[in-house]
Amino acid sequence: MQRTYRVIYPLVLAALVLSACAPAATPAPTDKLAEILARGTLVISTDPAYPPQSELNPSGQRAADTKCAADQKTAGELTGYDIDTAVAIARGLGVEACFVTPDWTLITGGGWSDRWDISVGSMTITPERMEPLYFAQPYYTTPAGIFVHKDNLTLSTAADLAGKKVGVCAGCTYEAYLNGTLQIPGETINFAVTGADVKGYDTDTFALEDLSLGDGARLDAVITAVPTGQGFIADGKPLKQLGDPIYFEYLAPAIDKAASKDPVAFVNKVTEVVQGLLKDGTLRALSVKYYGTDLASPAANFDVAALKQLP
Amino acid sequence: MGLKLMAQQRHEHSLALLRIGAVWAVLILGLTITLTQLRIDPGYLVRRSDILFKIIDGLWTTIGVSLLSVAIAAVLALVGALGRLSDNALAQGLSGFYVSIFRGTPLLIQIYIIYLGLPQLGLQLQQAGFRELGQLFILDALTSGILALSLNYGAYMTEIFRAGLQSIHHGQWEAAEAIGMTRWQILRRVILPQAVRIIIPDVGNQFIAMQKDSALVSVMGVWEITYLANRSARLDSKYMELFLVAAALYWLLTIVSSFFQSRLEKRMAHAYER
Numbered sequence: 001m002q003r004t005y006r007v008i009y010p011l012v013l014a015a016l017v018l019s020a021c022a023p024a025a026t027p028a029p030t031d032k033l034a035e036i037l038a039r040g041t042l043v044i045s046t047d048p049a050y051p052p053q054s055e056l057n058p059s060g061q062r063a064a065d066t067k068c069a070a071d072q073k074t075a076g077e078l079t080g081y082d083i084d085t086a087v088a089i090a091r092g093l094g095v096e097a098c099f100v101t102p103d104w105t106l107i108t109g110g111g112w113s114d115r116w117d118i119s120v121g122s123m124t125i126t127p128e129r130m131e132p133l134y135f136a137q138p139y140y141t142t143p144a145g146i147f148v149h150k151d152n153l154t155l156s157t158a159a160d161l162a163g164k165k166v167g168v169c170a171g172c173t174y175e176a177y178l179n180g181t182l183q184i185p186g187e188t189i190n191f192a193v194t195g196a197d198v199k200g201y202d203t204d205t206f207a208l209e210d211l212s213l214g215d216g217a218r219l220d221a222v223i224t225a226v227p228t229g230q231g232f233i234a235d236g237k238p239l240k241q242l243g244d245p246i247y248f249e250y251l252a253p254a255i256d257k258a259a260s261k262d263p264v265a266f267v268n269k270v271t272e273v274v275q276g277l278l279k280d281g282t283l284r285a286l287s288v289k290y291y292g293t294d295l296a297s298p299a300a301n302f303d304v305a306a307l308k309q310l311p
Numbered sequence: 001m002g003l004k005l006m007a008q009q010r011h012e013h014s015l016a017l018l019r020i021g022a023v024w025a026v027l028i029l030g031l032t033i034t035l036t037q038l039r040i041d042p043g044y045l046v047r048r049s050d051i052l053f054k055i056i057d058g059l060w061t062t063i064g065v066s067l068l069s070v071a072i073a074a075v076l077a078l079v080g081a082l083g084r085l086s087d088n089a090l091a092q093g094l095s096g097f098y099v100s101i102f103r104g105t106p107l108l109i110q111i112y113i114i115y116l117g118l119p120q121l122g123l124q125l126q127q128a129g130f131r132e133l134g135q136l137f138i139l140d141a142l143t144s145g146i147l148a149l150s151l152n153y154g155a156y157m158t159e160i161f162r163a164g165l166q167s168i169h170h171g172q173w174e175a176a177e178a179i180g181m182t183r184w185q186i187l188r189r190v191i192l193p194q195a196v197r198i199i200i201p202d203v204g205n206q207f208i209a210m211q212k213d214s215a216l217v218s219v220m221g222v223w224e225i226t227y228l229a230n231r232s233a234r235l236d237s238k239y240m241e242l243f244l245v246a247a248a249l250y251w252l253l254t255i256v257s258s259f260f261q262s263r264l265e266k267r268m269a270h271a272y273e274r
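Protein chains in written order, with the working numbering: chain B, 1 to 311; chain Y, 1 to 274.
Since the hints were derived computationally from the structure, they do not count as laboratory data. Take these hints with a grain of salt, some might be off.
[Stated by the list, open to error] Here's a subset of chain Y near chain B, in silico, CB distances under 8 Å, partners left out:
#: 1; residue: Gln126
#: 2; residue: Ile138
#: 3; residue: Leu142
#: 4; residue: Met220
#: 5; residue: Arg231
#: 6; residue: Ser232
#: 7; residue: Arg234
#: 8; residue: Tyr239
[What the hints assert, rightly or not] Per the computed footprint, the stretches of chain Y lying under chain B, defined by three or more beta-carbons under 8 Å from a beta-carbon of chain B, are:
#: 9; stretch: 47-56
#: 10; stretch: 221-228
Keep in mind it's a predicted model, so treat the numbers as computed, not measured. The beta-carbon is built from N, C-alpha and C at its ideal position, and this holds for glycine as well.
Please build the complete structure, drawing on both the sequences and the hints.
Structure below.
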């Protein structure tokens, strides 16, 4: 027995050393954009948990003639405003759109290890996210709104939420708003809600479900995207919106700064493509299709150069 | 044994089965009544059968992930158990450390660390010039999930395998050595065939647990039952309906595996029947 081990250890070590020293093959492109164009696919991350931005298409089939890898989804298997925008961006680059669907928390922190190229996931530009990520031109805006139970008669303004149980998705911008720490580059926030009892949820939808249980049963209010809340109301949930939107978010494609290939040219190219889609009305039409209203056009006013993010 | 006595035993046996069946029927009726009291819309599943079938699609991923993981875990467990029982300090230390670390930390955390952490090592290796080796560390979601499940369950199963191997009396090792078998021959021909019978019920138990723990790989976006149920539920806010579908699918899956497990156990027990 002892003898066998004495033979095996050096063999294993030698194998490890040899495999580590194997010479590198042909040099790969050092630029992210060049890599994507050479590959012929744009790999996009999306979390299909947020209709109508990104949702499953239950009857969708995998495209037969796809270049997407086996663990990636093709455009037909998903649907939504983010999905259609991502497909339009890929078309603008002249490549096929392929999707991966990691949990949202795995997307926002950066460090994607080249598993996907870009997030087209209705991501708000925030200073925290600008640390690990580059943002291209925003492709639409989302008004944030307060939702309360239909039966509620006591709450009438944002300031009334002081001391009330307010549900938000944990780690989202709505939570930062309630904590008074939200900063949106290019916008001055008026923190109208102070001293609320913040209840963090995995996603907004669970908070809205809890609010639907009854006025004050588990929550007094939920802060979420106006389209998300209105979608719940359209589904027949007993909710109503309280007043006007409390602030607007700019939602932009995000690209990992830690990508092993230089992403700067890629960021600029995506900005150029999105600006084109805003100008020619593609995104306005998509917004009307999915939200019933034009949330896209105001995004054209955003000056992405003011973010001062590119080296 | 008299024929009469055997007939009497058979009769009692079927009566007992009948009684247990009756209890199950009452319980299932009770469960159904409870479920109808929930605010659910069963007709939704008929109207949106495309969603129902999409979730059933996820069954294959769940089965594939669990089967592959339990197979790799069994190999890890055998190696780990041999390590724990070995006289060699390095083998003992390695397997003990492995079991301690993977049994002592939550599976979900292991999934995150393998999915997020391994690629960072890979990228550093690539920057150091080992491109091919570094690439091996950048696993896709499915592979990361299978790796995490295998490592985690391999650690639990190491202890099961160790107990199984130890349950074979040491005299058998000595007897086999006396007739000139090598250690590997003894293990393969004498010890393992007997140990497997003792190991199988526990491994089956672990397999059932794994089928449900495979739901955790949904955090990386693998389209298995839980992921598809969760994401489909958001289409029309039908959480209760689709989570019940997911629960039913897991239940069905474990009933089928329990059935095969008991078949396997009966087969293994043949040699010991009188």
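Hints breached by this structure: none
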